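Trainee: Sequence:
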Amino acid sequence: MAKRHFRVAEKMPSASCDTFLDDIEDIVSQEDSKPQDRHFSRKHVVPKVRRRNTQKYLQEENRPPSDSTIPGIQKIWIRTWGCSHNNSDGEYMAGQLAAYGYKITENASDADLWLLNSCTVKNPAEDHFRNSIKKAQEENKKIVLAGCVPQAQPRQDYLKGLSIIGVQQIDRVVEVVEETIKGHSVRLLGQKKDNGKRLGGARLDLPKIRKNPLIEIISINTGCLNACTYCKTKHARGNLASYPIDELVDRAKQSFQEGVCEIWLTSEDTGAYGRDIGSSLPALLWKLVEVIPEGAMLRLGMTNPPYILEHLEEMAKILHHPRVYAFLHIPVQSASDGVLMEMKREYCVADFKRVVDFLKDKVPGITIATDIICGFPGETDQDFQETVKLVEEYKFPSLFINQFYPRPGTPAAKMEQVPAQVKKQRTKELSRIFHSYSPYDHKIGQRQQVLVTEESFDSKFYVAHNRFYEQVLVPKNPIFMGKMVEVDIYESGKHFMKGQPVSDAKVYTPSISKPLARGEVSGLTEEFRNRLGNHLNTVSHTSAANQRVSASSRMVLRLQRLHRDFALKMSVGLAVFAILFALLVKVYN
0 MAKRHFRVAE KMPSASCDTF LDDIEDIVSQ EDSKPQDRHF SRKHVVPKVR
50 RRNTQKYLQE ENRPPSDSTI PGIQKIWIRT WGCSHNNSDG EYMAGQLAAY
100 GYKITENASD ADLWLLNSCT VKNPAEDHFR NSIKKAQEEN KKIVLAGCVP
150 QAQPRQDYLK GLSIIGVQQI DRVVEVVEET IKGHSVRLLG QKKDNGKRLG
200 GARLDLPKIR KNPLIEIISI NTGCLNACTY CKTKHARGNL ASYPIDELVD
250 RAKQSFQEGV CEIWLTSEDT GAYGRDIGSS LPALLWKLVE VIPEGAMLRL
300 GMTNPPYILE HLEEMAKILH HPRVYAFLHI PVQSASDGVL MEMKREYCVA
350 DFKRVVDFLK DKVPGITIAT DIICGFPGET DQDFQETVKL VEEYKFPSLF
400 INQFYPRPGT PAAKMEQVPA QVKKQRTKEL SRIFHSYSPY DHKIGQRQQV
450 LVTEESFDSK FYVAHNRFYE QVLVPKNPIF MGKMVEVDIY ESGKHFMKGQ
500 PVSDAKVYTP SISKPLARGE VSGLTEEFRN RLGNHLNTVS HTSAANQRVS
550 ASSRMVLRLQ RLHRDFALKM SVGLAVFAIL FALLVKVYN
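Take the sequence shown: its letters are residues 0 to 588, numbered as in numbering that gives the first Met the number 0.
Some clues are possibly wrong.
[Said to hold, decoys possible] Derived SDA-like pairs: lysine to any residue, alpha-carbon spacing no greater than 25 angstroms straight-line:
(1) K352 to E293
(2) K422 to K482
(3) K482 to I443
(4) K442 to P514
[To be verified] Derived CB-CB ranges, DEER-like:
(5) S108 to L187: 25 to 35 angstroms
(6) R353 to S108: 31 to 41 angstroms
(7) Q136 to D503: 51 to 61 angstroms
Since the hints were derived computationally from the structure, they do not count as laboratory data. From a predicted model like this one, the values you see are computed outputs, not experimental measurements. All C-beta atoms in this analysis are idealised placements derived from N, C-alpha and C, irrespective of residue type, glycine included.
Given the sequences, and given the hints that come with them, work out the whole structure.
Mentor: And the structure:
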């Protein structure tokens with residue numbers, strides 16, 4: 000640090016006076032002007048105002064230093080892992096950033112900042128997340144972290160010094176990104192509350208960029224009522240907090256007005272919806288089906304057995320509705336009551352069977368998807384065989400098989416673990432049984448009506464779903480996308496069927512608006528436009544045009560701020576001058 004040099008003031012010589020003065024006024028000679036004369040002369044003094052080239056001044060003030068960074072013009076790459084709830088959060092964050100002027104890019108190497116939206120369910124997902132952070136650091140990218148991993152364990156070593164946006168704070172992603180681009184580290188991990196009551200999360204009417212413009216993912220609640228011993232997500236999402244029915248219905252209406260033809264309802268447990276606000280899942284679903292246009296469909300997300308048991312009759316009626324897929328995801332996790340007790344799942348195998356049997360009877364053809372964990376601590380060979388028998392009995396067409404991973408901080412991580420080799424063997428065995436049967440062979444020759452919503456991974460087909468949310472591949476005819484098409488099933492695989500469009504069948508267009516373009520921002524409400532400035536009126540154009548408009552609009556906003564600041568400084572200056580002038584008048588009078 001440079002040394003500071005101080006100059007010691009010399010002592011001033013004391014003044015000497017040869018003549019005694021009775022009063023300070025004696026200093027004034029007869030020839031000097033009197034105070035009233037000076038005051039009179041002051042009235043005739045006209046101050047000279049130095050004119051400033053305002054335009055040049057504003058341009059110079061607006062021109063950033065060569066080493067400055069202006070937020071709102073950078074490219075951002077967003078990567079999301081995990082469930083549909085996490086994907087919905089990622090879409091909301093992308094929409095807000097794009098609305099503000101940032102360019103959302105699919106090219107990671109071209110991006111200035113990486114927004115990594117994590118999943119904490121299993122170790123491999125967190126490993127991918129950690130590796131992505133390391134790669135971003137190696138490439139000198141700015142980094143913002145989101146999702147359940149940093150929310151649940153923000154103090155992990157590999158997260159130190161990095162910006163974090165909490166799962167309930169995604170409506171403030173622009174602030175966090177701005178500060179990160181400036182070189183600051185910001186962490187927003189708080190919960191949203193209203194009069195002390197925890198809310199479902201960020202508002203549902205925020206801008207978003209749908210990964211698929213035809214599919215809207217709506218999170219109906221966050222958190223859950225359970226305390227499963229293996230679950231890390233609970234640490235991040237917390238206890239149950241549901242959105243009001245009217246807000247969810249409004250979000251659905253807005254989606255259909257933007258050309259969406261399929262809605263997914265998601266949460267950590269949809270069956271528990273409304274228990275914290277005096278409502279229920281059936282009450283929400285009956286309101287939603289009222290606003291679903293003909294030709295559009297609704298898919299219900301995962302529900303745990305305990306909370307669907309008391310609504311079985313109503314759920315069967317809803318799943319019969321022509322605009323609701325006859326599909327339900329009900330995780331069983333294990334067919335051993337002993338293991339379920341150790342997991343604290345709050346149901347027994349008989350409860351699960353009761354739910355499945357009832358729905359299969361009341362909703363013929365319904366698709367029941369389920370999850371199974373292999374190798375949970377304490378699981379014996381006999382426990383595992385019970386699970387095998389359940390799969391062989393029900394032959395679930397959709398089965399998610401997961402090897403158990405102990406998650407840090409969970410009770411299950413402290414239990415005595417099943418050897419890794421045994422876990423792998425059981426996972427492999429259950430996978431073999433699952434692939435031993437073909438769930439769709441009996442449907443060859445059927446004529447089905449399917450809704451086309453996306454392209455297959457190999458880009459050879461369009462992907463559609465029938466009434467039971469079974470995947471049907473159809474030829475890539477552009478007129479089919481987003482439409483209801485009648486097809487004849489001619490082939491089946493383990494996870495799909497193939498359908499040939501009926502030659503004389505009419506392609507049905509749902510009675511909804513034209514879909515947004517891919518990458519286009521959804522939900523730019525007037526309130527949000529006002530918050531960011533009038534320049535957002537043209538955000539819904541192409542991303543290239545949006546970048547130009549947002550840059551020039553930001554310049555306008557900066558100029559407006561400079562005008563306001565200049566006016567404020569002038570007002571304060573004039574006020575101070577008026578006060579001083581009044582004091583002088585009072586003194587000399």
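Trainee: If a hint holds in the structure, say so; if it doesn't, say that too.
Mentor: Hint by hint, here is what the structure shows:
1. K352 to E293: violated, 34 angstroms
2. K422 to K482: Distance of about 44 angstroms is beyond 25 angstroms: violated.
3. K482 to I443: Measuring from Cα to Cα gives roughly 22 angstroms; hence the hint holds.
4. K442 to P514: violated, 32 angstroms
5. S108 to L187: 25 to 35 angstroms: holds, 28 angstroms
6. R353 to S108: 31 to 41 angstroms: violated, 53 angstroms
7. Q136 to D503: 51 to 61 angstroms: At 60 angstroms between Cβs, range holds.
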